[in-house]
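A.B. asks: Protein sequences appear in the order of chains A and B. Counting in the numbering used here, the first sequence runs from 1 upward without gaps. Counting in the numbering used here, the second sequence runs from 1001 upward without gaps.
Since the hints were derived computationally from the structure, they do not count as laboratory data.
Using 30 angstroms as the maximum straight-line C-alpha spacing, the simulated BS3-like pairs for lysine-lysine come out as follows:
id : chain 1 : residue 1 : chain 2 : residue 2
1  : A       : 114       : A       : 44
2  : A       : 59        : B       : 1158
3  : A       : 30        : B       : 1079
4  : B       : 1028      : B       : 1079
5  : B       : 1152      : A       : 59
6  : A       : 30        : B       : 1028
7  : B       : 1079      : B       : 1152
8  : B       : 1028      : B       : 1012
9  : A       : 59        : B       : 1028
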Amino acid sequence: MTQTLQTPEEFLPLTPAVFNILLALADGEKHGYGIMLEVEANTKGQVLMGPGTLYGSIKRMLQADLIEESDERIDPEMDDPRRRSYYRLTDLGRRTLRMEAERLASQVQIAKTKNILATDFLRGVP
Amino acid sequence: MISQPAELPIVKFSVMVYQTLLFAYPTKFHYEYGSQMVQVFQDCCLRALRQDGTNGILKLWAITLLDLIQSVISEHAHKEIEMKKEMDPEIIRLAGGALIWGAMTFVIGMFLAFLSTRGANFWAIADILVLFISMPLFVVGLLGLRNRYGEKAGWVGKNILLIGVIVGPLISLLGFFGGANEASWSLIYSGPAVLLAGLTLFGFVALYKRPLPRWNIIPIIAGIGYPASSFFAGSGIPESMSLILIAIQAIALAALGYILKSDVPKETAAPA
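Input sequences plus hints: build the corresponding full structure.
C.D. replies: Structure below.
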């Protein structure tokens, strides 16, 4: 039985593309276009990922065992009879996402202590 | 009859152009993800058309072209990293060593052949050194060179080297079947010339593509001496001059081997 020796720390910090793809897959498997739509919605259109970046990231995430291909099937919500490849998080991917989210949260905490966030300005802090 | 959105000319045309542009990606990536990328791009086209009409398609193309340029560069860079990782450093070192030893045995063999034309009888040793030791070593060395720098040298450079490596020994082999006559020996000794001519031509490509980390002129010098002296053998060039050319060539071959030995691929971490 093969066992992965990689730990989440090896991947941190994640690139914005990888973080957003992992985040998009956090609540269930999706196909490429579904991931793209979710990333766009999650970032309020700030991260626009083209097919090249999307599949380049997917390829490397598959190689790194952060995600896996589940199966190929037709998306019942789309008016398209073609089958699509679905992707889902692996255990390593989920742990990596959690660690990155915690890392980002601690960065935000630091920003808060330094009164950097907009809410801090509203409180009258220069 | 109402046409399906995916069959609208602007969508069909966009998808067709995008499909063509996908050939810019490395072949393996194109093969593995090309159809999924086209599918996603078509979905994006339909959404853009639905939301903003033709302007939406134009905006989508602007984003897509930028994405395409960035990701094509990135995928080619990753491909190179992966190739380097796949290459066993020991094999590359071995190939470099083969070129160095091949150069030494070749120049000694040619010197003995030169002495043999002056009355000494070293033909047998010369034949063994040139044909049975240095030529196989050159084949190993040049295949290593192709493996290490072929991608950077491009299709032409990579395949010229391969043609030389295949055709050179084949010509020598054909000569062996011709019997013990002068024509057969000419054919036998043409093998190394063809092999090294392949290296010379690779060298011309290398001058333009610069695949080696340094001294990109070396492959030409390492390849040209013996083929040139064989080609001009009957045109009155003194044999001593040929020998000097071959000695320079051997030094360059050893230098090429040294470059190959010292430029083994390093383990590169590939972050996701």
